[in-house]
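Colleague: Just so you know, the sequences run in chain order U and Y.
So in this note's numbering, spot 294 of the first sequence is number 870, and the numbers just go up one at a time.
So in this note's numbering, spot 89 of the second sequence is number 333, and the numbers just go up one at a time.
Worth flagging that the hints you see were computed from the coordinates, not collected in a lab.
Take the hints with a grain of salt, since some may be wrong.
Distance ranges between label pairs, derived from CB positions [stated by the list, open to error]: (1) 1132/U to 259/Y: 34 to 40 Å; (2) 404/Y to 781/U: 55 to 61 Å; (3) 950/U to 337/Y: 15 to 21 Å; (4) 349/Y to 822/U: 33 to 39 Å; (5) 592/U to 290/Y: 35 to 41 Å; (6) 825/U to 325/Y: 49 to 55 Å; (7) 425/Y to 822/U: 40 to 46 Å; (8) 1147/U to 376/Y: 16 to 22 Å.
Where is the CB? At the ideal position from N, CA and C, for every residue including glycine.
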Amino acid sequence: MLPVFRGLMWGVIGFLIGGGLTALIRGVLGLEPWVFGSVFLVGYLFGLAGWLLGVGVWDTWMREFLGLEPRPYQAEGWRRYFGFTTDHKVIGIQYGATFLGMFFLAGLLAMMMRIELMQPGRDIFNFAQYNRVMSLHGFLMVLVAVTAIPGMFGNYFVPLMIGAEDMAFPRMNALSFWIWPPAAILLLLSPFFGGWDSGWTGYPPLALTNDPGQMFYNLAFFTGGLSSVVGSINFLTTIITMRAPGMTWGRLPIFVWSIFMTSIMSLTATQFVGVAMLMTVLDRVANTAFFDPARGGYPLIYQHIFWFYSHPAVYVMMMPAWGIMLEVLAHFARKPLFAYKWAVAGFGGVTALSFAVWAHHMFTSGMPETLHVPFMATTESISVPTGLIFLSALGTLWQGKLRFKTPMLFALGGLFNFLIGGITGVFNSDLPADVHLHDTFWVVSHFHYTIVGGAIFGLFAGIYYWYPKMVGRMYSERLGRLHFWLMFIFFNLVFLPMAWLGLHGMNRRIGDYPPELGGVNAFVSISAFILGASFLIFLYNMVMAWARGPVAEANPWGARTLEWATSSPPPVHNFPAVPQVLSGPYDYGVPEAGVHAAVPVES
Amino acid sequence: MSGHSHEAVYEGGYTRLQINRMGLWFFIISEAFLFLALHAYRLLALGTFKPENLNITLAGVMTIVLLLSSLTVHRAEKAIAHGDTRGLLRYLLLTMGLGVAFLALMGYEWSIAFREINPSSPYGSIFFLTTGSHALHLLSGLFILALVYLAARRGAYQPEDHWGVTAGALYWHFVDVVWLSVFLILYLV
Ligand code: HEM
Ligand SMILES: [Cu+2]
């Protein structure tokens, strides 16, 4: 039996055992046995354990702990992708397929929202339904933005770029991926249990009093956090200890740096969101009083704990995308990455500051006013390290021999969009302005410019850049460019008017708006449909290339970094033997540099 | 893949043991943030408020029990480093015994606290969640030490190769340090 099916079976069994036991205990204690909250919670935790054991943890780990012979999953071809495979390249593709699937699903939900918002008044949803669709869309997209790049490209390319044969802990790597499917299943099932309407932020007291569907969100967030922690332990250890000889910290490709810094944030801050979710669930099922004002609890503290994670999380979304953009810019400008050290310092500065700005999401929440000015100051100062990264990008382009291939177009487009996102952010962080901007479509515009315009454009730059390496075939450059131009133009036509709408009184998270905004909203909706349709071109291009595109060379872009110094796709252990790194990864046109690394040939 | 060496030498020359230890350390840092979040709730929401009938003496005794167990697990590790498997087994048992004693005291403490501190109040909630999370970590520490004990009985550890013992001991020390922070934040401040 394929491990996924075994995992599913044990997951269901675990769910039934956990839920049944809880009902039994409740019955013995004289409580009403079949309440949704606690039965579902314990059932889920048992189900999660059952799923993980079934899908491969039992065979690969527990047997070893118990002194039995481990039975690692060995399969060939497509079956590798449906089991507890430890090859980092397989795991990267597993992540990629899962999260691109979630991306398109969440995109469909966005299309439905734009149908509703196309004209004033109610069309296809009532207000409650609108907010449920909005919440699922937003949360799925947040998960995609946080996970897709580290999961897909981090796993696939960090070991390759540093010349390692795999990650430091291959089994933990598989674990980090296989934690995700239960979270995805929860979210896919949530609409059938009423969904939830609190948005991706899940603030109490609403999150304590609304339908039980809220718990699907809490548990999915918690589960995803678990995976983030496991993944970041692995990235940090791998990058520190598994660099090929000669791959000094000063020669580390910038994408690897971005994953390193990102992992520092995921490793630590994620625990906070886990605690926020846990406390919410306990308030719902165990009568605790963390956030419930009816029992004397403190809903505002939820926001502090939540944003202590979720602000760094926006940099978890963005930093790997910056890594990809800088990577692509250097290779396609055929120049050394400008001010490499300052860019790394920029990453470090953003990472450090990201822990000190969270309350800028709470200017209108009623928190103590003494916090207002300090958080305004820290937030605005984050522009300084961000500026370093920007200057590195611009300096790299300066007098470069630019080659406008699809990945380069996405990197440049992402840079442009992020500039607008960053500028709108400055208005948000300005206290007097934010009092008016908060909870309007201005903020919606801001975070779509940063996340979609920045992080998702970076994701697609990465897809077009590394596709030939991962799949071994080449896509159509013409369709790639077509996709870029449609996506870039219509992205801006969707989200720039949203800023205007926000300034003119359109609130977020409400399925309606003042009637005089109808015209602009109709324009936004139509642009959004075209933006959505542009992804069909992407899908067509990728599928056709996969099925019968021309075979890709080992190094179609003539790039220096190590992932291009092995075949496309690379063999199981990446290189015949550990490469010897001799010079920097971006030393294009540097006369004395020579090759980046000497890769031993097959002996 | 011919002649593929799994003893690859990377920049910095880290051994497998050092790599494992580093991974464990990152895990510990991450878990520390879990307790930081719990303490943050306590301090942000409640300041230094605490109910009058907290049993600080009992918590003090529990602290001493755990500190002793850190000592014994350290001795266990030293024993196997000198090749003394019987010493290892003895000190492991002692450590687990102290861990169980701690949990028993904790259970006693909880049985009183359930009556005296309302779990449906903010302090009660954070009290039970924090001590409960710590107890869960301790329980998993006991589970790990039990596995180490079984492996040690099979003779799995040598003076130059006893990563399992090191890992279990490091985790155990961490759980002890966490308790010190819990004691400080919930009982003392
Ligand atoms: C790294 C790129 C960025 C990303 C991914 C990002 C993402 C977000 C998101 C998702 C929100 C909305 C949260 C919600 O649902 O309520 C938000 C709001 C906000 N952002 Fe950003 N942001 C970025 C950069 C910036 C920058 C550079 C600044 C300041 C200079 C900034 C300042 C703010 C402020 C103050 C808010 C709160 C606005 C409000 O709710 O009233 N952001 N951002
Ligand atoms: Cu923020």
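Colleague: With reference to the structure, classify each hint as holding or not holding.
Modeller: Hint check:
Restraint check, residue 1132/U to residue 259/Y: a C-beta distance of roughly 38 Å satisfies the suggested window 34 to 40 Å. As the Cβ distance of residue 404/Y to residue 781/U is approximately 58 Å, the hint placing it in 55 to 61 Å holds. Taken as a hint, the range 15 to 21 Å is violated for the pair residue 950/U and residue 337/Y, whose Cβ atoms sit roughly 53 Å apart. For the pair residue 349/Y and residue 822/U, the beta carbons lie near 55 Å from each other, so the given range of 33 to 39 Å is not met.
The supplied range of 35 to 41 Å is met by residue 592/U and residue 290/Y, whose beta-carbon atoms lie about 39 Å from each other. A hinted range of 49 to 55 Å is violated for the C-beta pair residue 825/U and residue 325/Y, which are about 33 Å apart. The given range of 40 to 46 Å is respected by residue 425/Y and residue 822/U, whose C-beta atoms sit roughly 42 Å from each other. In this structure the supplied range 16 to 22 Å is violated for residue 1147/U paired with residue 376/Y, their Cβ-Cβ distance being about 48 Å.
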